[in-house]
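Student: Sequence:
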Amino acid sequence: MTKSIGIFDSGLGGLTVLKELSTRFPNESFCYLGDIARLPYGNKSPETIRRYGMQILKFLKDQNVKALIIACNSASTVFLGENEFEGIPLLNVIEPGSAAALKVSEDKKIAVLGTSATVRSHAYLETLKRLDSAAEVYEQACPLLVPLVEEGWVHDPVTQLVAERYLHEIKKEEIKTVILGCTHYPVLKPDLRKVLGDEVHLVESGEVLAQQLENLYQQKVLERDVGTRQIRICITDLTDHFERLARVLMHPEPIGPLEKVVL
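Numbering-wise, the sequence shown is residues 8 to 270 according to our numbering.
It should be emphasised that the hints constitute simulated quantities derived from the structure, not laboratory data.
Since we're looking at a predicted model, the values are computed, not measured.
It is possible that some hints are incorrect.
[As the list claims (entries may be wrong)] In the DSSO-like style, the derived pairs of lysine-lysine whose C-alpha atoms are separated by at most 30 Å in a straight line are:
(1) Lys183 x Lys136
(2) Lys68 x Lys10
(3) Lys116 x Lys136
(4) Lys196 x Lys115
(5) Lys201 x Lys183
(6) Lys116 x Lys201
(7) Lys110 x Lys136
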């Protein structure tokens, strides 16, 4: 029986990760869960986020997955250091994202954009410092960016103004490596680049998770799939708006109808 790769996020932003992984691993099946009904996670307490995360991990485990990916940065902060869930490999975005940022940074000055919960946790700051004590880390909470993505306000004047407000200090400090510490943010790359410039390295979750997954295949922790490919997108609340947005985020990857699930 074909086993899929399970991915979850608080909303639809994690589809940027799904799109990257589905492109990099064209023979694999995926099961995505977007917790739309309880979005956003960024203003929730760590205890609440962990409770939600445990419910979702159990749901995905029941969908016959061989690996679990926490594509949500806010959720990754409360599962940091945990490498498996009930015997299934568990990946998060923070550790590989930090390592990738240090690899491309020439001056070790790194900015982290994230939700309020991610920034409050200092998970990236602590991970970057653990990996390289010489790293200079600037953290910036950007709580308005997630709802702007969920509303589909990409390439919008309002989004541009918000980006300029959040990124002012980063640009002033001439920081050239920026971690997009939320899976929604890659959708806004054109808006962010208008402020920061093309020379800035933007570290994305999808790219670093693809490398982590490849490592598991090479280490023989996971077996590559050669069966019939299937991509399922499950969400905890279903509206026409989210269905349209999902298709925009996944384009040109074809997807079937979204599935509404109860956790």
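Student: Determine for every hint whether it applies to the structure shown.
Tutor: We went through each hint and held it up to the structure:
With a CA separation close to 18 Å, the supplied pair lysine 183 and lysine 136 stays within the 30 Å bound. Of the supplied pair hints, the one linking lysine 68 and lysine 10 holds, its CA atoms being roughly 10 Å apart against a limit of 30 Å. Note on lysine 116 and lysine 136: the hinted pairing holds, with a Cα-Cα distance of about 11 Å set against a maximum of 30 Å. Taking the CA atoms of lysine 196 and lysine 115, the gap is near 22 Å; set against the 30 Å cutoff, the hint holds.
Distance hint between lysine 201 and lysine 183 is fulfilled; the C-alpha atoms sit about 14 Å from each other, no more than 30 Å. Restraint check for lysine 116 and lysine 201: the C-alpha separation of about 20 Å stays at or below 30 Å, so the hint holds. The suggested pairing of lysine 110 with lysine 136 holds, with an alpha-carbon distance near 14 Å, which does not exceed 30 Å.
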